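Enquirer: Here is how the chains run, residue by residue.
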Amino acid sequence: MTKAETILVIGAGEAGARAAMALRENGFEGNVTLLGEEAHRPYERPPLSKAALTDEAEPQAAFILTPDRLDEHGIRHLGGRAAIAIDRAAHAVELAGGGWLRYDRLLLATGARARKLALPGAGPENVLYLRTFEEARALRSRLTPGVHIAIIGGGFIGLELAAAARARGTEVTLIELSPRLLARAVPAAIADVIAARHAAAGVRLLTGLGIERIEAEGARHAIRLSTGERIVCDGIIAGIGAVAETRLAERAGLAIDNGIAADKRLATSDPDIFAAGDCCSFPHPLYDGRRLRLEAWRNAQDQGNAAAKSMLGGGDAYDAVPWFWSDQYDLTLQIAGLPDEGHETVTRDLGDGARLDFHLASDGRLIAASAVGPNGKIGRDVRLAEMLIAKRATPDKAALADGSVKLKGLLAG
Amino acid sequence: MTTTTATTWIEACEADDIDAEDVIRFDHAGHTYAIYRSPDDEYFATDGLCTHERIHLADGLVMDHIIECPKHNGRFDYRTGQAKGAPVCLNLKTYPVKLDGGKVLLGLA
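Read top to bottom, the protein sequences are chains U and V. Here the first sequence is numbered in numbering that gives the first Met the number 0, starting from 0 and rising by one per residue. Here the second sequence is numbered in numbering that gives the first Met the number 0, starting from 0 and rising by one per residue.
One chain only, chain U, in its complex shape:
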């Protein structure tokens, strides 16, 4: 690699914004441009399915960077501009509407887009999605008392939306195709606690059901289930996952493997192009090099930082423990590591209905922890578990189960 004078970041979300800042924090003095399709400065997405829907005041975007901070750090933010092609030989990126930007190093932090419902009758006129601030505002205006909303998808977005809708007095039916909620990333014991909380809040939960089509019902909508039942509602929101935004990378001929394929230092198949955040798949050293793609706020930040170091020629293998959280009602859920790699589970009762499950590999190594409860009960212990996972610790099972044994002590051992 030659010395970088110009670094271009495509995607002004969490990963892109963090990378731009980290370039400066790591001493880069060249040009930094942060290119985003949205007109806004980078903003936090986690509140979009939570406080932005439930706060009494009209929501404001939670900007990650102030104009002053962008200026102080000499970051040029180009909002409302989309990259449409990468000329790798010329080290230049073509913008929609004309114009090219040159780069010495390029970071693709293009994120993910909402997966669209592929069903007869499902179109933009009757199905809403949530990914952007504008979509959150549009959804918010639909969540009013007495209105009945159907949510398709029992993952994090669907469940956070259900909790927000109930907080606003909206009737909710949630339809999930799998036999249980949160089937993809959350152990059943934790998902059961979440399901019970939604049921107590009055959400009608329908799991293990297929949907045949969506039909008009006067000014309302009807969802026809595989059982023949029709759910008549005033609005439909789909939260059925996200698709890595790889189109630009694909057109440029970069390797794709469930996302833009990066190596352990987050370099793509082109040594001058890097990837970070929701769009990036990478081999994780804690899980025998298993290739992961993480749609998570913390991963976006951590990979933004890591990619910045790598683009400057330094950087180690990216090995941050996967971590994510969700808030629903008075409950917080946090997961560190990959519970599906677990062979055995040890549960610690944290009191007040909070539980922390430790997931151990067959050799006794702690590889994940999952917890649910009031935030004040779980946050510290999940963080300590995360540190134990990073250390590849093989803690004593009895100590893990015993709430009187401080996890901090196990970390020192």
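By construction, these hints were calculated from the structure, which means they are not laboratory data. Computed from a predicted model, the values in this text were never measured in an experiment. It is possible that part of the hints are untrue.
What the hints assert, rightly or not - Among chain U residues calculated to face chain V with C-beta under 10 Å, some are:
hint: 1; residue: I63
hint: 2; residue: Q333
hint: 3; residue: G375
hint: 4; residue: K376
hint: 5; residue: R382
hint: 6; residue: K407
Said to hold, decoys possible - In silico DSSO-like cross-links for lysine-lysine, where the CA-CA straight-line distance does not exceed 30 Å:
hint: 7; chain 1: U; residue 1: K376; chain 2: U; residue 2: K405
hint: 8; chain 1: U; residue 1: K376; chain 2: V; residue 2: K83
hint: 9; chain 1: U; residue 1: K263; chain 2: V; residue 2: K83
hint: 10; chain 1: V; residue 1: K97; chain 2: U; residue 2: K407
hint: 11; chain 1: U; residue 1: K390; chain 2: U; residue 2: K376
hint: 12; chain 1: U; residue 1: K376; chain 2: U; residue 2: K308
hint: 13; chain 1: V; residue 1: K83; chain 2: U; residue 2: K390
hint: 14; chain 1: U; residue 1: K49; chain 2: V; residue 2: K83
hint: 15; chain 1: V; residue 1: K92; chain 2: U; residue 2: K49
hint: 16; chain 1: V; residue 1: K83; chain 2: V; residue 2: K97
hint: 17; chain 1: U; residue 1: K263; chain 2: V; residue 2: K102
hint: 18; chain 1: V; residue 1: K92; chain 2: U; residue 2: K263
hint: 19; chain 1: U; residue 1: K405; chain 2: V; residue 2: K97
hint: 20; chain 1: V; residue 1: K83; chain 2: U; residue 2: K407
hint: 21; chain 1: U; residue 1: K407; chain 2: U; residue 2: K390
hint: 22; chain 1: U; residue 1: K407; chain 2: V; residue 2: K102
hint: 23; chain 1: U; residue 1: K390; chain 2: U; residue 2: K308
hint: 24; chain 1: V; residue 1: K83; chain 2: U; residue 2: K308
Claimed, not checked - Non-contacting residues of chain U with respect to chain V, defined by C-beta distances greater than 10 Å in every case (computed):
hint: 25; residue: I83
hint: 26; residue: R87
hint: 27; residue: D103
hint: 28; residue: T226
Cβ coordinates follow ideal geometry from the N, Cα and C atoms, glycine included.
Assemble chain V onto chain U, guided by the hints.
Expert: Positioned in the frame of chain U, the structure of chain V alone reads:
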């Protein structure tokens, strides 16, 4: 021009109520504080809520001189209140602390 404000010392807890390298919550007059004991047995105090999403810091983890919020792991140096990187951008307010006969006193202006 300098202004001086008299400090009122409020008894917050017993010194032994806080383990070394740990934190506890102290509420007074409608305000919540976090009081820390460092690994070398010095005491410090800050506002009790994280500046990111107003979560009680006393539920967080103390490592050396850093308090980490239990919600999203925002970090502060509790000696100075300085925010140590994303997602936190605003510093914490700090307060003087002194020990008197085995009690921790919190200095409020």
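Enquirer: If a hint holds in the structure, say so; if it doesn't, say that too.
Expert: Against the structure, the hints:
no.	hint	in the structure
1	I63	holds, 8 Å
2	Q333	holds, 9 Å
3	G375	holds, 4 Å
4	K376	holds, 8 Å
5	R382	holds, 5 Å
6	K407	holds, 8 Å
7	K376/U with K405/U	holds, 14 Å
8	K376/U with K83/V	holds, 24 Å
9	K263/U with K83/V	holds, 26 Å
10	K97/V with K407/U	holds, 27 Å
11	K390/U with K376/U	holds, 23 Å
12	K376/U with K308/U	violated, 35 Å
13	K83/V with K390/U	holds, 23 Å
14	K49/U with K83/V	holds, 25 Å
15	K92/V with K49/U	holds, 27 Å
16	K83/V with K97/V	holds, 25 Å
17	K263/U with K102/V	violated, 51 Å
18	K92/V with K263/U	violated, 40 Å
19	K405/U with K97/V	holds, 28 Å
20	K83/V with K407/U	holds, 22 Å
21	K407/U with K390/U	holds, 13 Å
22	K407/U with K102/V	holds, 26 Å
23	K390/U with K308/U	holds, 22 Å
24	K83/V with K308/U	holds, 18 Å
25	I83	holds, 30 Å
26	R87	holds, 31 Å
27	D103	holds, 25 Å
28	T226	holds, 40 Å
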